[in-house]
Amino acid sequence: MRTFFKLTSISIQGQLYYKTSFFINLLTPIVLLAGQYLLWTALYAEAGSEVIGGMAREEMYAYILISFALGNLIGWSGENMLAREIRSGTVVARCVRPAAFLVQSVAEMSGVILIQGVVNLAIVLTGFLCFGRYLIMPSVPAAGWFIPCLFLAVMLRIMLIDVFSLLCFFTTGYLGLAWTRNALFEFFSGAMIPVVMFPEWLRTFAYATPFPYMLQVPSALLLGQELPVSIPMIFVVQGAWLIVFMFLHGGIYGLARRNMTIAGG
Amino acid sequence: MIRADDLRKVYRVNVKKTGLKGAFENLFRSEWIEKNAVDGISFHMKEGGALACIGENGAGKSTLIKMMIGILTPTAGDVRVFGQNPREGGRKYLREIGVVFGQKSNLWTDIPVIESYQAVKTLYRLDERQFRQNFDKITQLLSLEQILPVPARKLSLGQRMRADIGMVFLHGPRLLFLDEPTIGLDINVKHTIRTFLRKMNQEEGTGIFLTSHDLDDIDEICDDTIVLSKGKLIYDGTLENLKHRFVRDRMIQVVGEKSGDIHALLPGASVTKEGRITKIVYPIGEYTSAQVLEAVSRCFNIEDITIQEPDIDDVVSRIFGGEERV
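From first to last, the protein sequence lines are chains A and B.
Residue 0 is where the first sequence starts when you use numbering that gives the first Met the number 0, and the numbers rise one by one after that.
Residue 0 is where the second sequence starts when you use numbering that gives the first Met the number 0, and the numbers rise one by one after that.
Just so you know, the hints here were simulated from the structure itself, not pulled from any lab data.
A quick note: this is a predicted structure, and the numbers were derived from the prediction, not measured.
Idealized CB from N, CA, C, for every residue including glycine.
Any given hint might turn out to be false.
Below 27 angstroms or equal to it, Euclidean Cα-Cα: the simulated DSSO-like pairs (lysine-lysine) are [claimed, not checked]:
(1) K153/B x K5/A
(2) K34/B x K5/A
(3) K34/B x K16/B
(4) K272/B x K18/A
(5) K120/B x K153/B
(6) K257/B x K272/B
(7) K5/A x K136/B
Label-pair distances were calculated between CB atoms; the ranges are [what the hints assert, rightly or not]:
(8) V123/A x P148/B: 54 to 62 angstroms
(9) F27/B x L113/A: 15 to 23 angstroms
(10) V123/A x R79/B: 52 to 60 angstroms
(11) S87/A x N13/B: 40 to 48 angstroms
Sample of chain A residues lacking proximity to chain B, with all beta carbon distances greater than 12 angstroms (derived) [to be verified]:
(12) T2
(13) L15
(14) A33
(15) Y43
(16) V91
(17) C94
(18) R132
(19) P231
(20) G253
Generate the whole structure from the sequences, applying the supplied hints.
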């Protein structure tokens, strides 16, 4: 664990070193939050109703706030650290450190998430404190379930980024991979539109993927909204997807080690 | 320390067709060829030795290193380092070796160098005494004091390489793999690094496996050499032997007034004069050193005389230029 914490602390130090870049990366996602708020305000006004797709306005505003906090835990720069290292070949340094490759990735991204997580938590708390009367409030038992669910959701997100980044060993198109991953995550996780608003066939499909368990499901759990499975089953599904991602990591990294042409062939 | 037996690495390489038509065809049809990056190499390096690996670009040097450090799986053959398979050695093995790729830094780029060094202490589980002892020695020998508080991203190439080399010695590796460590460096930094590496090899017994295109690196650091060409091992022996086996000419440089006709005594030699310095290049198959020295002493009022050692650059350029068959 000392290795993990040291690598996490290095990741945090790296982010804090350049002040301007740090603040820009930290605060620009707020624009997205404002955009989401304005979009849904307009949609509710257009619909002339307080309920759209089974979600009341105060439910939606709370959902936007929570899903923003979960969706923006890792910025573009943090998401693509490993991919950039692989493309530039500097990943070779990771390969020769006496720490598991996966541990290094998770530790590094944990550092990114910790910093952004604190800021996002402050934004969420401010949102609930200032605009609580326009939002539905989470219950204490829901918050208790939410914490382990959030932990697993974050781990799933880290593993998703890790696995997509490892594919950069086999293609030069890391931007394409990053956009594909982002598109899949944004759409199927419920970051853009809550999954409960999808047509039934698409909702069924979405729940068969790991994406809603990274964002929609933890948000819904916290806000007491409709869940695709029972609460214990949520943890089972999240755990199962984590195992799948770990196998994918092992398989892809193993393949990369057979044809690693970084740092000279 | 290192034993490679019939080691092979075959890469699958995608061959792209040329031209506009070819570019479209490439979208739907892939052609793959197999490239023997390392082709049946066998060699041995003794404990605490310093072995140079020479080869032109694409000869397989980096691939060989990657297999020996365990990040690349060989296609066939066997490699053992400290008697174990590097692929199976895991973290324990990685704690016994050090690796420097000249063009890729091992430092964390956005934090001060000293923080990277502190991370090494944790990653390699060094106790404070062991860390401090190595740290002080490295800082002094590589003159790192000034650059420790600076993030790697802001270092010059020479500073970065000194910091990288220093970092790799913090955990006291038994064996060090260096892939072109002095590439792009100025002469002072090269000298500092070579001196440091030689000292660590001779005084601390750290084994060194070095690849470099700078043959002065090899001359100053290593005793033994392997030469690779197109993935095959074409020479394995001492550096001295390599030089003497392929040197055809030797040069004597004389300072002093000419008092006789050297051409008459050494008709097979070529003589050039630059001011008061005369350079005599003679074929070693035709004349012995004693014959040449006697001729020189008869034809010059000698003020100074230098016998030039065979130059490794000449040897290697001959080997790879196809003049020599090994």
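Structure-based check of each hint:
{"no.": "1", "hint": "K153/B x K5/A", "in the structure": "holds (22 angstroms)"}
{"no.": "2", "hint": "K34/B x K5/A", "in the structure": "violated (41 angstroms)"}
{"no.": "3", "hint": "K34/B x K16/B", "in the structure": "holds (17 angstroms)"}
{"no.": "4", "hint": "K272/B x K18/A", "in the structure": "violated (64 angstroms)"}
{"no.": "5", "hint": "K120/B x K153/B", "in the structure": "holds (23 angstroms)"}
{"no.": "6", "hint": "K257/B x K272/B", "in the structure": "holds (10 angstroms)"}
{"no.": "7", "hint": "K5/A x K136/B", "in the structure": "holds (24 angstroms)"}
{"no.": "8", "hint": "V123/A x P148/B: 54 to 62 angstroms", "in the structure": "violated (37 angstroms)"}
{"no.": "9", "hint": "F27/B x L113/A: 15 to 23 angstroms", "in the structure": "violated (46 angstroms)"}
{"no.": "10", "hint": "V123/A x R79/B: 52 to 60 angstroms", "in the structure": "holds (56 angstroms)"}
{"no.": "11", "hint": "S87/A x N13/B: 40 to 48 angstroms", "in the structure": "violated (21 angstroms)"}
{"no.": "12", "hint": "T2", "in the structure": "violated (6 angstroms)"}
{"no.": "13", "hint": "L15", "in the structure": "violated (9 angstroms)"}
{"no.": "14", "hint": "A33", "in the structure": "holds (30 angstroms)"}
{"no.": "15", "hint": "Y43", "in the structure": "holds (44 angstroms)"}
{"no.": "16", "hint": "V91", "in the structure": "violated (5 angstroms)"}
{"no.": "17", "hint": "C94", "in the structure": "violated (4 angstroms)"}
{"no.": "18", "hint": "R132", "in the structure": "holds (43 angstroms)"}
{"no.": "19", "hint": "P231", "in the structure": "holds (36 angstroms)"}
{"no.": "20", "hint": "G253", "in the structure": "violated (8 angstroms)"}
The structure is inconsistent with the numbered hints 2, 4, 8, 9, 11, 12, 13, 16, 17, 20, although it conforms to all the rest.
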